[in-house]
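**Q** Sequence:
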Amino acid sequence: MKRSIFILFAFASVAAAGWFFIPGAYWTFQDGTVGLLYLQGDYEKLDWTIDSRYALSGDYWFEAGTDIKLFGEGTGITFSYACDSLDKDYRKPNVVEDDTVCGYAPYDLTEYSVYLRQNFNVGASRKFYIYAGYMKGEYVSPYKFDLSSGGQILGEEVRVADAVDVGFEFSMDSRDDPENPQTAFYFGIRLGGLYFPGAEDSDFDYLRDVQITDPEKAFSNGTGYISLDQRVYGKLKIDQIPFPVILAMRIGGGHHLSEVPQLVAYKGGVDNFLRGMDQRHILGTSYYIMSGELRFQVWEESYTPLILLHWIIPGYENPRPILEIAPFMEYSKIYSEYLGEDEKQQMTIGAGVRWIFTDYTVLRYDFGYWPDGKTWGAYFSFRPSI
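The sequence shown: position 366 = 907 (our numbering), numbered continuously.
Worth flagging that the hints you see were computed from the coordinates, not collected in a lab. Only a predicted model underlies this, so the values are computations on that prediction, with no experimental measurement involved. Heads up, a few of these hints could be off.
Quick list of in silico lysine-lysine cross-link-like pairs, DSSO-like style, CA-CA up to 30 angstroms [to be verified]: (1) LYS610 - LYS668; (2) LYS778 - LYS915; (3) LYS874 - LYS610; (4) LYS629 - LYS776; (5) LYS685 - LYS776; (6) LYS885 - LYS685; (7) LYS778 - LYS885; (8) LYS915 - LYS874; (9) LYS874 - LYS776; (10) LYS677 - LYS776; (11) LYS610 - LYS885; (12) LYS629 - LYS808; (13) LYS915 - LYS685; (14) LYS778 - LYS808; (15) LYS808 - LYS685; (16) LYS808 - LYS874; (17) LYS668 - LYS685; (18) LYS586 - LYS685; (19) LYS610 - LYS586; (20) LYS778 - LYS629; (21) LYS885 - LYS668; (22) LYS629 - LYS668; (23) LYS685 - LYS610; (24) LYS586 - LYS629; (25) LYS915 - LYS629.
Derived Cβ-Cβ restraints for the label pairs, each shown as a range [stated by the list, open to error]: (26) ILE767 - LYS610: 41 to 51 angstroms; (27) PHE726 - THR607: 33 to 43 angstroms; (28) ASP718 - SER743: 33 to 43 angstroms; (29) PHE661 - PRO783: 17 to 27 angstroms; (30) ASP913 - ILE609: 22 to 32 angstroms; (31) LEU587 - ARG924: 14 to 24 angstroms; (32) GLN781 - GLY573: 13 to 23 angstroms.
Virtual Cβ for every residue (Gly too), placed ideally from N, Cα, C.
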């Protein structure tokens with residue numbers, strides 16, 4: 542047991558030291574080295590966060606949010622922007638080069654969104670939200686569909702999508718710690734509708750290229766949707782383990798009533814959805830997911846390289862965060878008409894490290910593996926995975 546704890550501590554220390562000596566940087570399998578700038582503020586009537594990331598490959602992401610306590614439980618405004626290059630568009634196989642069919646087409650995406658959300662408290666641990674937002678995306682590929690060969694040939698293709706999103710959410714939330722709950726229950730249901738202003742354009746980026754292969758096919762210019770999310774947390778008492786163990790479990794699902802663009806589709810390999818899968822390897826209109834984590838709090842007051850600042854700067858408080866090791870497993874299935882062999886239950890596994898500085902400051906670094914696709918993913922975040 543002592544040897545195992547030492548190995549885990551050594552791994553966490555090396556990872557923490559790497560983050561300290563390259564300030565605000567981390568590494569992922571998808572984008573290589575990524576620089577990070579994260580800021581947050583908490584005032585009496587105003588909370589705000591800024592999360593900005595830039596990869597040496599040229600990709601970048603930006604997200605900013607604020608919560609103003611005007612009435613109810615607060616009014617939130619969020620803005621996000623992403624510019625990302627993906628090696629494969631798994632919706633576009635059969636790239637034709639020199640009369641030979643091979644591989645998938647790459648593409649560059651640019652997406653942004655802005656949302657307004659009003660929060661209300663409707664009783665003990667019960668909350669109600671209404672929200673409205675607008676999203677837009679552009680997808681540029683060096684290959685375009687060729688009707689004669691049925692494959693993708695050289696020639697730039699630009700696809701676009703936009704959506705207006707309006708809906709409401711009701712939740713019951715008894716989590717005792719917003720970032721690292723230990724004994725709690727959460728249930729949320731979301732109902733909403735999407736309107737696609739550009740749905741009738743031939744370059745609208747639906748999940749399938751049916752507008753090109755069958756120009757006469759009619760598509761809906763909107764859809765309704767529903768999503769459910771349930772999470773349970775509890776402490777486990779295991780005599781053979783001398784430190785706290787927390788079990789976190791999640792069951793969720795969602796469904797769009799009709800065909801949607803990838804802008805609003807459910808996306809495997811993005812954020813906390815099938816960690817380890819290639820980004821957007823699977824896109825769909827419906828899904829379910831079951832996931833679980835075991836969080837081993839192996840060190841209640843750990844040391845980090847930030848202790849150097851405590852030694853160098855007079856008056857700088859020495860942070861002693863809780864160190865957690867968290868193996869996880871996820872099962873999910875995504876449904877869509879174009880998927881073929883990929884429309885089956887998928888599983889990913891992995892483990893992560895967490896440093897819990899305060900109730901509102903938790904650093905999380907996860908490594909996930911997708912056995913079917915034999916791909917890895919790395920994820921750095923200030924938000925809980927479950």
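**Q** Take the C-beta atom of PHE726 and the C-beta atom of THR607, compute their distance, and say whether it sits inside 33 to 43 angstroms.
**A** The hint (33 to 43 angstroms, Cβ to Cβ) is violated, given that PHE726 and THR607 are roughly 28 angstroms apart.
**Q** Keeping to a limit of 30 angstroms between CA atoms, is the pair of LYS885 and LYS685 held or broken?
**A** Roughly 28 angstroms between the alpha carbons, so the hint for LYS885 and LYS685 holds.
**Q** Below or equal to 30 angstroms on CA atoms is what counts here, so check LYS778 against LYS808.
**A** Status violated; Cα separation ~36 angstroms.
**Q** Are LYS685 and LYS610 close enough, with their CA atoms no more than 30 angstroms apart?
**A** violated (49 angstroms)
**Q** Indicate whether the distance between the beta carbons of GLN781 and GLY573 respects the range 13 to 23 angstroms.
**A** violated (40 angstroms)
**Q** Decide if the proposed pair is consistent with the structure: LYS610 and LYS586, CA atoms, cutoff 30 angstroms inclusive.
**A** holds (5 angstroms)
**Q** Would you check the hint for LYS629 and LYS808, treating anything up to 30 angstroms between C-alpha atoms as holding?
**A** This hinted pair holds, its Cα atoms lying about 14 angstroms apart.
**Q** Holds or violated: are the alpha carbons of LYS778 and LYS629 at most 30 angstroms from each other?
**A** Violated, at roughly 45 angstroms.
**Q** Is the hinted pair LYS677 and LYS776 satisfied, with a Cα-Cα distance of at most 30 angstroms?
**A** Roughly 42 angstroms between the alpha carbons, so the hint for LYS677 and LYS776 is violated.
**Q** Does 17 to 27 angstroms hold as the CB distance between PHE661 and PRO783, or does it fail?
**A** violated (44 angstroms)
**Q** Between the alpha carbons of LYS629 and LYS668, is the straight-line distance 30 angstroms or under?
**A** violated (40 angstroms)
**Q** Next pair to validate is LYS586 with LYS685; report whether the Cα-Cα distance is within 30 angstroms.
**A** violated (51 angstroms)
Hint compliance for this structure: hints 2, 3, 4, 5, 7, 10, 11, 14, 17, 18, 20, 21, 22, 23, 24, 26, 27, 28, 29, 30, 32 are not met, and every other hint is.
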